Amino acid sequence: MNGVVVAGGGLGALRTAESLRASGFAGPLTVIGNEDSMPYNRPPLSKGALLNGVDVEALEFPRKSSVDDVDWMVNSTITKTDLTDRLLTLDTGEAVPFDALVIATGIRPRRLPFPGPTQGRFVLRTAADAAAVRARLRRELNLVILGSGFLGCEVAATARALGAHVTVIAADHEPMVRPLGDELSSALRRRHEAQGVHFRLGHTIEATNGGDQVRSVTLDDGTELLADVLIEAVGSVPNVEWLEGNGLDLSDGVETDSAMRVPTELAPVVAVGDIARHPNALFGSAPRRVEHWSIPTETGRRAGQTLAQILRGESPSEAPFTAMPSFWSDQYALRIQSFGMPGLATDISLVDGDLNGPCIVEYRDPLGLVGVVGIDRTSDLIPYRKEIAARSHC
Amino acid sequence: MLTIVVDRAKCEGYGQCVLESEDLFELDDDGVSVPTSGVGDERRDDAERAADMCPMQAITVS
Ligand SMILES: Cc1cc2nc3c(=O)[nH]c(=O)nc-3n(C[C@H](O)[C@H](O)[C@H](O)COP(=O)(O)OP(=O)(O)OC[C@H]3O[C@@H](n4cnc5c(N)ncnc54)[C@H](O)[C@@H]3O)c2cc1C
Ligand code: SF4
Chain A
98 MNGVVVAGGG
108 LGALRTAESL
118 RASGFAGPLT
128 VIGNEDSMPY
138 NRPPLSKGAL
148 LNGVDVEALE
158 FPRKSSVDDV
168 DWMVNSTITK
178 TDLTDRLLTL
188 DTGEAVPFDA
198 LVIATGIRPR
208 RLPFPGPTQG
218 RFVLRTAADA
228 AAVRARLRRE
238 LNLVILGSGF
248 LGCEVAATAR
258 ALGAHVTVIA
268 ADHEPMVRPL
278 GDELSSALRR
288 RHEAQGVHFR
298 LGHTIEATNG
308 GDQVRSVTLD
318 DGTELLADVL
328 IEAVGSVPNV
338 EWLEGNGLDL
348 SDGVETDSAM
358 RVPTELAPVV
368 AVGDIARHPN
378 ALFGSAPRRV
388 EHWSIPTETG
398 RRAGQTLAQI
408 LRGESPSEAP
418 FTAMPSFWSD
428 QYALRIQSFG
438 MPGLATDISL
448 VDGDLNGPCI
458 VEYRDPLGLV
468 GVVGIDRTSD
478 LIPYRKEIAA
488 RSHC
Chain B
29 MLTIVVDRAK
39 CEGYGQCVLE
49 SEDLFELDDD
59 GVSVPTSGVG
69 DERRDDAERA
79 ADMCPMQAIT
89 VS
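Those protein sequences? They're chains A and B, same order as listed. In case it helps, the working numbering puts the first sequence at residues 98 to 491. In case it helps, the working numbering puts the second sequence at residues 29 to 90.
So here's chain A without its partners, still in its complex pose (with noise of 0.2 Å):
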């Protein structure tokens, strides 16, 4: 028996482990993933780990001891696989065979081709993204991030705390409006102005200037902006080219149905976290691929269970998927909580405290409540998650 094969060493890779073996599977279970550590929690990337230092170790998450017997591999890049033969193969050329697979290999940054020099350009996904741009920032840097996603704004909050000049670029109208809506981002904008971050927003970089270093931005109306450091926040792509040549749908992501078992008739296989596209019953049944924290934890624990019963000689319970998304960010002293999925929303209304303080806003579609977002209002958003949550499935 080869037992199941983990591809990805991030939370979505370790929940799934857990939920394995707390489903019963006691077979031979290996992880691969291709960073120096163990699982570790990335959000504080660009709040507090940023802001104090990055110290990878104290951010690996706590294993269940039924994990214990796991073979972890690291540092291992898998570049391709045979569902048919089920057969993966690793950049050193060692194949891993698997009776099983999960797929948890995430996404990573997107990057924006606009020419000259590259040096002092960063994105931020892994511990050593977040601990190159930690050695850079310093008092008085100009610091330029192109993107005002949840990502570029958390960024632009530690940045000013660190006193470096910070500039937001982003073809967006205001920062994080796509989730939030017009108001409640316009609000949050005036917020980061107030701490002396700076917007240009319906705009894009053309070029770096420079020599070997970035010195400048140019953006797409020729102004040219003095940057030190460019940090990139512009989404993601998701790893799936490892994945193909199997005749999977790799669009955006890798499709799942609401056990998280991707549809082909090759070899048992499920996939997890940033990178599965999944449907949600709470929100209709189009599966979506969703880049949230909770994401990995929710859908590794139901890909466990699937992939055990699978293997089992059981078929995988039917059930819908209805986890409630659940989304925070800090920003300053702010604290953004978002349930749901308000970015579906045909209707925003403020419901509770004022835009520029603590408030909450509701989100709704036809159906009903379909997100919530509070800020420094967290505990009272558990009515609000309730009434999402009781949706009626469709």
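These are computed hints drawn from the structure, not numbers from a lab. Bear in mind the structure is a predicted one, so any value in this text is a computation, not a measurement. Each statement offered as a hint is correct.
Not everything, but these chain A residues come out facing chain B in the computed CB check (under 10 Å):
{"hint": "1", "residue": "Arg112"}
{"hint": "2", "residue": "Pro141"}
{"hint": "3", "residue": "Arg398"}
{"hint": "4", "residue": "Arg432"}
For every residue, glycine included, the Cβ atom is placed at its ideal position computed from N, Cα and C.
Mind docking chain B with the ligands on chain A? Use the hints.
Chain B with the ligands in isolation, oriented as in the chain A frame:
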């Protein structure tokens, strides 16, 4: 009986534990999570779920 411990030095008061299992945790006046005492073994799954969901990984269940 379950032993649920919140590491007060790690807890940042996100309240995810309270949102997962309202009757197992409560935020105190300092915004730090306090686990309910005297919780029976039948709640192990709920307690472990809350521990998994804690962004600071501050909760241990034994
Ligand atoms: C800086 C930052 C801040 C964040 N902040 C928040 C937040 O505040 N709130 C929130 O809800 N979410 C946040 N997130 C999102 C959250 O951390 C992710 O959703 C979560 O980490 C996804 O876990 P995963 O296991 O699916 O993927 P990952 O953690 O990315 O794990 C995938 C692993 O697979 C490895 N891998 C990829 N390809 C291969 C290959 N071919 N061979 C071997 N290994 C491979 C990768 O290197 C990686 O180690 C943040 C993310 C980042 C990066
Ligand atoms: S989820 Fe964790 S950090 Fe948040 S209040 Fe509970 S114990 Fe504290």
